[in-house]
Amino acid sequence: RARDESGKDDDVRLVFEPSSSRIDRNEFVALLLAHTSLETSAPINLVAVGIDGRPCQKALPQLLGEWCTFRIRTVHRRTSHRLQKADERIHILEGRHIVFLNIDEVIRIIRESDDPKAALIARFALSDRQAEDILEIRLRQLARLEGIRIEQELGRLRGEREGLLKLLGSDALLRRQVIREIRADADKYGDARRTVIEAAATASRSEVAAVADEAVTVIISEKGWARVRQGHGLDLSGLAFKDGDRAGSAHECRSVDSLVIVSTEGRAFTVAIASLPDGRGMGAPLSSFVDLGSGRIAHVLTGQPDDEILIAKTSGYGFICTYGDLLSRQKAGKAVVSVEDGASILPPLRLAGMDHLGALSGDGRLLLFPLAQMKRLASGKGVQIIGLHEGESLRAVIATSGPRVAIRGTLRNRPKTLASEDRHLGQRARRGSPVGQLGNVTLDHWPG
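In my numbering, the protein residues as written are 580 to 1027.
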């Protein structure tokens, strides 16, 4: 139940109550996060001009690292500039202090000398800049009160200069200064955080256990209608389907699991098993649970997040991903497979307990190689499985627990089964060897 308690004390206050007190609180929250927009994710494209002056896309750690480097350099330049100004001011004040201590002689030199600047430099070892400053100031500025102020300013500047030199001479001190400034800005300009930042996994529909965890079988018709029946090992021969439709596939799983739809465009969609209709009717079209766009349903599979899946295409490319990589909380799914023009996605393979991959080309060549040679990706085009010439295609793939497969086909219109040979073994992306004179070739697991 949902109850709206919004009012003068709370602008927005919604109270959700589970139907039973036996439902775990954390599981109930996970259910809300997975099936509503209470928890959302937003993609960001971090394009910035880096410290090298070039714009490019950057990951968040790289962006923060470059900003920290920039900030350290900025504070270093600012400190160096301040040190330069302090040195210049100290130099001027030291000249004035010398004049203050010898004011009568300075006045006499200025009155009597034809070139007072040169005379002052020669008499008191002043620099050209110090002499210029003395000749430009009014001598009453060197009265006793001003002399005290000169000494005070000199003392302050020399202390500041010592601190600046220490800051520039220590990378650790410079970094601590940057940290202090960032914290000061946060205190001055920041506001109180309204949310908590803490590590937490995204609530996935496959992780929500707000329904009874029981064995179920998902039945998919050829036209993509789905329904669920309780139990495994069911006799489905008596199931009725709509006119023009018939049985497609059956998937034994748990009621708390998720079903993945792979579209012809290479997008993956997630449907909670618990949201599918029960087996009393004809079911519901899977397309009503997701937004397929211009694509169509290519394959349907179930599994656990850590299950390894092989995705292969008729173009001869493919990769290994996990079932969790295919899960998506968006109704529009997510792009997983880059499908080339004219290519299609072959039925995904489960790889549990398998160590070799067999690939059969459209012209009857077979290649067997270790699964370890395949690349693991979360999405993308993948790597080449078997070498193909222009116009050729990958017909089928099979995962095996050893370097041998059964080659089934027809010879003189009679069924025949052969075992793969050593010549079919090779490295990934090679062309493989012909399977012989068999027609209508398919691959199967070798007995035993």
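Hints are computed from structural coordinates only; laboratory data are not their basis. Source: prediction; values computed, not measured. Possibly wrong hints are sitting among the right ones.
[Unchecked claim] Derived pair list, reagent style DSBU-like, types lysine-lysine, alpha-carbon separation capped at 30 Å:
(1) 910 with 954
(2) 821 with 637
(3) 696 with 664
(4) 802 with 960
(5) 767 with 821
(6) 802 with 821
(7) 696 with 745
(8) 745 with 664
(9) 664 with 767
(10) 913 with 802
(11) 910 with 960
(12) 954 with 637
(13) 637 with 664
(14) 637 with 995
(15) 637 with 910
(16) 913 with 960
(17) 910 with 802
Going down the list of hints, with the structure as the test:
For the hint linking residue 910 to residue 954, the alpha-carbon distance of about 28 Å falls within 30 Å, and the restraint holds. For the proposed pair residue 821 and residue 637, the alpha carbon gap of about 52 Å is over 30 Å, so the pair is violated. About 24 Å separates the Cα atoms of residue 696 and residue 664, which keeps this hinted pair within 30 Å; it holds. For the given pair, residue 802 sits about 28 Å from residue 960 by alpha-carbon distance, which is consistent with the 30 Å threshold.
For the proposed pair residue 767 and residue 821, the alpha carbon gap of about 68 Å is over 30 Å, so the pair is violated. This hinted pair checks out: residue 802 and residue 821 have alpha carbons roughly 10 Å apart, not beyond 30 Å. Note on residue 696 and residue 745: the hinted pairing is violated, with a Cα-Cα distance of about 36 Å set against a maximum of 30 Å. A hinted pair counts as satisfied when its Cα atoms are at most 30 Å apart, and residue 745 with residue 664 qualifies at roughly 16 Å.
A threshold of 30 Å between alpha carbons decides the hint, and for residue 664 with residue 767 the separation of about 28 Å falls inside it, so the pair holds. At most 30 Å may separate the alpha-carbon atoms for a hinted pair to count; residue 913 and residue 802 meet this at roughly 22 Å. Note on residue 910 and residue 960: the hinted pairing holds, with a Cα-Cα distance of about 23 Å set against a maximum of 30 Å. The hinted pair formed by residue 954 and residue 637 meets the criterion: a straight-line CA distance of about 24 Å does not exceed 30 Å.
Our distance criterion of 30 Å between C-alpha atoms is broken by residue 637 and residue 664, whose separation comes to about 38 Å. Using a Cα cut-off of 30 Å, the hinted pair residue 637 and residue 995 is violated, with the two alpha carbons roughly 57 Å apart. Between residue 637 and residue 910, the direct Cα distance comes to roughly 28 Å. Compliance with the 30 Å bound is thereby established for this hinted pair. Simply put, residue 913 and residue 960 have alpha-carbon atoms about 14 Å apart, close enough for the 30 Å limit, and the pair holds.
The hinted pair formed by residue 910 and residue 802 meets the criterion: a straight-line CA distance of about 20 Å does not exceed 30 Å.
When each numbered hint is compared with the structure, violations occur for hints 2, 5, 7, 13 and 14.
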